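Novice: Protein chains in written order, with the working numbering: chain A, 19 to 437; chain B, 4 to 125.
Bear in mind the hints are in silico, worked out from the structure with no lab data behind them.
Heads up, some of the hints might be wrong.
Result set (DSS-like, lysine-lysine): computed pairs, CA atoms no more than 30 Å apart in a straight line [to be verified]:
id : chain 1 : residue 1 : chain 2 : residue 2
1  : B       : K69       : B       : K81
2  : A       : K226      : B       : K39
3  : B       : K95       : A       : K400
4  : A       : K226      : B       : K95
5  : A       : K98       : B       : K95
6  : A       : K98       : B       : K67
Bear in mind the structure is a predicted one, so any value in this text is a computation, not a measurement.
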Amino acid sequence: MAKLVIEGWIEVSLVYVVIGFFPLFLSRNFRVLFLIFLMRLESHLSSKAFIGFHYNLPPVLALALSSFWMEFLDANLELKEIQKLQGHTDRVWSIAWNPATAAADVPTVLASCSGDKTVRIWEQSPSTRSWDCKAVLEETHTRTVRSCAWSPSGKLLATASFDATTAIWENVGADFECVSTLEGHENEVKCVSWNASGSLLATCGRDKTVWIWEVMPGNEFECIQVLQGHTQDVKMVRWHPTMDILFSCSYDNTVKVWWSEDDDGDWSCVQTLGESRYGHSSTVWSLDFNAKGDNLVTCSDDLTLKIWEADITRMQSGDGYAPWNHLCTLSGYHDRTIFSVHWSREGIIASGAADDAVRLFVQSKDGPMNEPSYRLLLKKEKAHDMDINSVQWCPGEKRILASASDDGTIKVWELATLC
Amino acid sequence: MTLGLINANPVVHAKKERVAQQLSVLSEESITVDEKLGRILITFTPTIQHCSMATVIGLCLRVKLKECFPPHFKVDIKVAPGSHADEESVNKLLNDKERVAAALENPNLRQLVDECLYSNEL
């Protein structure tokens with residue numbers, strides 16, 4: 019009787035060990051689901067009043083094996099270069115993926131702007147799956163084009179230039195036409211950003227101001243307010259992904275948060291993330307939000323990334339402004355200025371720096387209970403030959419990342435497992 | 004090349020009608036080149052504590068170095084510690100590549116830099 023029980027146990031164990039190898043053959047999303055299934059099965063079996071441990075052990079073995087494969091596969095991620103886009107004749111400052119082309123069967127479109135005063139539109143060919151330069155937007159800006167941003171609908175592209183203007187382009191057939199030019203800044207415009215609904219536009223520049231424009235029918239734009247407050251050059255502006263709150267980063271080492279209580283009210287600076295409150299100690303170059311919008315990451319010339327959080331459910335329910343608090347600082351990973359940071363929908367933070375490397379960070383599972391911490395997932399050294407100015411995750415499903423550099427090229431990467 | 008850079012400063016000051024002289028703005032020791040990493044660190048000493056041309060000199064240095072070295076070399080320019088009243092702000096400005104790029108697109112500033120670098124026998 020005992021012999022039969024032992025033999026049965028060995029067979030069952032073998033079956034479970036085989037099951038433990040399944041993650042190797044599953045795609046990433048299925049691996050996670052599979053692990054959850056195994057955990058449920060294991061806890062179900064151990065909760066039943068079976069005779070002895072041998073009914074629980076095989077599933078536990080399978081679970082251990084699966085977890086091992088998951089960790090192993092996660093550790094063997096690489097950033098694979100899919101394509102190098104060449105064409106610009108000067109450094110590429112900024113890139114932007116068209117949000118409307120994130121749908122499954124629509125080929126992705128990428129816009130890039132450069133020191134060569136042009137903007138290039140790259141479209142993925144459905145047949146070859148490679149990106150080709152579809153259009154060159156030239157003869158409009160008379161100086162470096164510093165930043166570009168698509169409207170949420172994907173129909174309009176805004177470009178900010180050192181010539182102190184912001185141009186709005188519309189996709190008309192196979193071409194792009196400049197339908198409006200926003201003037202007002204005293205000198206170089208450094209960044210442009212659309213809010214989530216596409217009803218507002220924000221620009222910032224070396225004149226230390228942030229301008230908010232209202233988008234009106236017929237491609238008309240009206241400046242509704244000029245925000246003063248920064249004491250130096252404003253490098254970047256970005257709207258919150260779900261609420262109409264504006265964030266600006268500056269050479270004065272601070273990030274300012276601008277908010278308007280009512281729809282028609284005045285915008286004012288409701289918070290400054292400065293050095294005294296765990297802020298950066300040098301120029302803040304860029305910031306981005308996580309998918310939910312309750313976390314913010316900022317990058318700076320002080321060689322650190324900082325993560326901030328806020329109680330946005332409180333804000334969304336109309337309870338007034340909820341301040342942003344410093345969560346953690348990622349230091350020691352970069353040895354030169356970090357120019358760009360972007361948070362993927364899955365939660366991977368990509369950074370582009372002046373040491374030619376792209377780094378990816380994820381939230382760490384180990385670490386003290388209440389303190390979220392981040393770890394370096396991977397570092398791609400020599401991603402480009404020169405400084406990286408911008409990194410942007412593709413809004414679609416696949417883990418595609420684009421990077422732009424001083425070397426005049428844009429590279430498209432895929433985050434994939436080695437095996 | 005070092006000698007050429009040393010001479011840049013007198014040209015700038017000569018425009019302000021000062022006597023051009025061997026001003027020890029730079030010396031061999033104040034330039035560190037790491038060819039393997041592709042990095043250059045250069046420190047220069049403005050002639051006076053409140054030299055208003057410090058940023059222009061820094062710009063001239065950047066333009067000259069960009070010509071002499073391959074494009075992937077990274078240049079850090081600083082004023083010698085203690086040699087200028089606004090040391091920190093000058094350093095920050097000279098090492099902000101966006102500000103440098105925008106400055107060099109300014110025709111007046113570009114002309115000044117070009118004159119400093121090319122109007123002399125360098």
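Novice: Now look at each hint and say whether the structure bears it out.
Specialist: The hints, checked one at a time:
1. For a cut-off of 30 Å, the pair hint linking K69(B) to K81(B) stands: about 16 Å separates their Cα positions.
2. The suggested pairing of K226(A) with K39(B) is violated, with an alpha-carbon distance near 39 Å, which exceeds 30 Å.
3. Distance check on the hinted pair: K95(B) and K400(A) sit about 25 Å apart at the alpha-carbon level, within 30 Å; holds.
4. Restraint check: the Cα-Cα separation between K226(A) and K95(B) comes to about 17 Å, which is no more than 30 Å; the hinted pair holds.
5. Restraint check for K98(A) and K95(B): not satisfied, since their Cα atoms lie roughly 35 Å apart, outside the 30 Å limit.
6. With a CA separation close to 37 Å, the supplied pair K98(A) and K67(B) exceeds the 30 Å bound.
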